[in-house]
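If you're matching them up, the sequences are chains Y and V in order. Residues are numbered in the numbering used here as their position in the first sequence, beginning at 1, plus a constant of 453. Residues are numbered in the numbering used here as their position in the second sequence, beginning at 1, plus a constant of 453.
Check each hint, because a few of them may be wrong.
Unchecked claim - Each computed SDA-like pair below joins lysine to any residue, with the alpha-carbon atoms no more than 20 angstroms apart:
{"#": "1", "chain 1": "V", "residue 1": "LYS474", "chain 2": "V", "residue 2": "ALA639"}
{"#": "2", "chain 1": "V", "residue 1": "LYS474", "chain 2": "V", "residue 2": "GLY605"}
{"#": "3", "chain 1": "Y", "residue 1": "LYS554", "chain 2": "V", "residue 2": "CYS602"}
{"#": "4", "chain 1": "V", "residue 1": "LYS554", "chain 2": "Y", "residue 2": "LYS511"}
{"#": "5", "chain 1": "Y", "residue 1": "LYS538", "chain 2": "Y", "residue 2": "CYS602"}
{"#": "6", "chain 1": "Y", "residue 1": "LYS583", "chain 2": "V", "residue 2": "GLY527"}
{"#": "7", "chain 1": "Y", "residue 1": "LYS583", "chain 2": "V", "residue 2": "CYS602"}
{"#": "8", "chain 1": "Y", "residue 1": "LYS583", "chain 2": "V", "residue 2": "GLY605"}
{"#": "9", "chain 1": "V", "residue 1": "LYS583", "chain 2": "Y", "residue 2": "LYS511"}
{"#": "10", "chain 1": "Y", "residue 1": "LYS511", "chain 2": "Y", "residue 2": "LYS566"}
{"#": "11", "chain 1": "V", "residue 1": "LYS538", "chain 2": "V", "residue 2": "GLY489"}
{"#": "12", "chain 1": "V", "residue 1": "LYS583", "chain 2": "Y", "residue 2": "CYS602"}
By construction, these hints were calculated from the structure, which means they are not laboratory data.
2 protein chains.
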Amino acid sequence: MQIPQPYLLFLGDVTDPLSAKTARGIHAWRPETCVGQMHLEGCQVSLGLPELTPAQAKDQGAKTFVLGTANAGGYIPEHWMTVIKDAIEAGLNIASGLHQKLVDVPELVALAKQHDVALFDVRHHQPALKVGSGLPRSGKRVLTVGTDCAVGKMYTSLALEAAMQKLGMKAEFRATGQTGILVAGAGIPIDAVVSDFISGAAEWISPANDADHWDVIEGQGSLFHPSYAGVSLGLLHGSQPDYLVMCHEMGRPHTRHLPHHPLVEMEDCVYLNLYNARLTNPNVQLAGISVNTSNYPEEEAKAYLAELTEKFQVPATDSVRFGIDAIAEFLLHQVN
Amino acid sequence: MQIPQPYLLFLGDVTDPLSAKTARGIHAWRPETCVGQMHLEGCQVSLGLPELTPAQAKDQGAKTFVLGTANAGGYIPEHWMTVIKDAIEAGLNIASGLHQKLVDVPELVALAKQHDVALFDVRHHQPALKVGSGLPRSGKRVLTVGTDCAVGKMYTSLALEAAMQKLGMKAEFRATGQTGILVAGAGIPIDAVVSDFISGAAEWISPANDADHWDVIEGQGSLFHPSYAGVSLGLLHGSQPDYLVMCHEMGRPHTRHLPHHPLVEMEDCVYLNLYNARLTNPNVQLAGISVNTSNYPEEEAKAYLAELTEKFQVPATDSVRFGIDAIAEFLLHQVN
């Protein structure tokens with residue numbers, strides 16, 4: 454699956470900036486892939502891109518129309534159908550991060566066939582996968598892991614890719630979630646594969662490569678999240694990481710959506726991730742800690758990060774607030 | 454999903470007893486659910502059951518025709534179709550452990566509808582699941598775990614259920630694989646669910662129950678198998694076990710199908726399973742070790758089991774050779 458870029462980003466009629474986080478992520482990380490945006494009446498979110506119709510976007514080189522906002526229930530609202538059909542008729546592929554599959558709407562399938570365009574359901578994974586082999590492979594890999602869900606693993610991975618490239622390293626982001634897949638134009642939604650194939654999917658997205666090539670793999674969930682830890686473990690084994698970057702939110706009291714589960718201690722989380730990762734890469738090491746400190750004043754955040762750096766002997770940073778160059782440099786020095 | 458019992462076991466035309474292991478497992482553990490067997494010309498396997506046609510079996514109370522043998526590729530051979538159609542026309546439901554789904558054959562779907570019978574694809578899971586909650590629930594649960602795949606987790610679970618029932622305990626086998634599901638008539642093929650729902654599926658098959666009720670949950674894979682560990686971890690978290698029984702094959706040199714992966718040390722495997730299980734049940738304990746010693750002489754086997762008993766301070770046994778009563782009694786005494 455390679456989603457043709459650049460994109461026309463469809464914002465629908467969302468009024469809440471959070472609902473547009475996919476579109477915003479694509480625009481933030483790959484502005485060069487965004488030809489324009491399109492919204493419906495009532496939409497209160499803008500990315501500041503030129504407002505284009507599908508036909509105008511096509512004229513300007515757009516290849517895919519991206520449904521870049523979530524809506525309650527994950528269904529395609531009836532009143533979006535006209536716009537999607539317009540886009541197909543204008544010759545654009547459609548990519549959707551909604552739960553409801555485009556390919557389950559016979560009308561869209563027929564129209565897409567007629568206009569020779571593709572439908573991409575990035576929350577779902579169709580192609581057959583192999584089970585993981587655990588066989589050592591060439592190239593370097595760094596995986597983001599976390600104390601919980603939603604602690605910035607995708608952001609950290611993308612920021613690290615950029616910082617490593619700035620240092621002249623051959624770094625490539627590997628996507629495992631829907632927004633990441635739209636940003637990269639490729640990847641596997643790892644939580645949507647059949648459970649037998651989790652590590653196989655991770656091996657597939659980060660194949661053998663040149664010795665000086667780095668895959669920066671987007672992590673998912675946490676080994677300490679009772680709902681999703683299986684996904685995290687399969688991803689950890691299949692990624693065969695040389696380095697881990699631990700992601701965390703400062704002060705988060707409990708595991709996301711589970712108030713009865715206090716958040717794991719960072720120490721235990723680092724330990725268990727390294728312990729498990731050794732199964733497929735005995736040389737795995739921690740390379741850094743990436744913390745969302747946004748709920749704390751700068752001085753407190755800095756003190757906390759200094760404490761983590763001291764304790765784990767790797768750079769700890771808030772990649773939004775203070776950048777992630779320190780972790781990229783750490784990786785550069787490890788291999789030189 | 455509840456598969457109506459009793460069964461007519463279809464043996465096809467297999468010549469290799471191993472290929473009939475599903476049928477043999479059902480017959481071994483639930484002989485009362487087997488009205489008869491049916492084979493095609495050339496079949497060299499027999500369970501010693503009366504040979505019946507679908508119509509005869511129906512007359513004798515059979516409710517479901519079970520495709521109880523595997524064949525290369527997992528497809529339904531063309532020459533089995535006539536027999537399957539006969540069975541549907543005789544008014545039997547069909548249950549299959551093949552990779553190819555019965556419900557993907559329009560001819561069978563139509564015929565089943567016409568005769569008001571159901572098609573069960575036990576390798577696949579259709580109903581919607583919820584993600585795991587990790588919330589504590591009532592009842593007692595024991596989960597079989599292992600140093601590897603194919604070390605006797607299903608056998609151990611079924612043997613333990615029988616031994617516990619013999620001691621008057623309310624024990625119930627919970628199936629997570631295809632043979633287990635056919636034996637129990639219900640369950641979820643845990644390696645076939647979407648990875649987001651592994652622990653949710655485990656919660657679903659072993660719901661809250663009476664304080665003195667025991668679910669004996671069939672484990673899958675191993676935390677140390679690089680292909681399947683994600684499944685094992687989700688199952689461990691979702692099962693919320695009070696007790697673990699570690700399964701192992703004496704002398705196995707490396708992880709199944711992965712000659713480059715030496716088998717984990719028992720000590721490390723017990724440790725990591727308990728460590729992870731504590732996430733959803735802080736009181737989890739090891740209750741016993743179940744070892745396949747069949748490749749060793751009896752004296753060597755006994756010496757090895759004695760060593761394990763001494764080291765882990767729980768009963769270690771070969772449940773085929775020496776029975777599993779010791780582990781059932783250990784569990785009985787833990788709660789009394």
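These are the hints, each one checked on the structure:
1. V:LYS474 <-> V:ALA639: holds (18 angstroms)
2. V:LYS474 <-> V:GLY605: holds (13 angstroms)
3. Y:LYS554 <-> V:CYS602: Violated. Y:LYS554 to V:CYS602 sits at ~35 angstroms, over the 20 angstroms cutoff.
4. V:LYS554 <-> Y:LYS511: With Cα atoms ~42 angstroms apart, V:LYS554 and Y:LYS511 exceed 20 angstroms; violated.
5. Y:LYS538 <-> Y:CYS602: Distance of about 35 angstroms is beyond 20 angstroms: violated.
6. Y:LYS583 <-> V:GLY527: holds (16 angstroms)
7. Y:LYS583 <-> V:CYS602: holds (17 angstroms)
8. Y:LYS583 <-> V:GLY605: violated (24 angstroms)
9. V:LYS583 <-> Y:LYS511: With Cα atoms ~41 angstroms apart, V:LYS583 and Y:LYS511 exceed 20 angstroms; violated.
10. Y:LYS511 <-> Y:LYS566: Holds, at about 18 angstroms.
11. V:LYS538 <-> V:GLY489: holds (18 angstroms)
12. V:LYS583 <-> Y:CYS602: Distance ~17 angstroms between V:LYS583 and Y:CYS602 Cα, so the pair holds.
The earlier numbered hints that this structure contradicts are 3, 4, 5, 8, 9.
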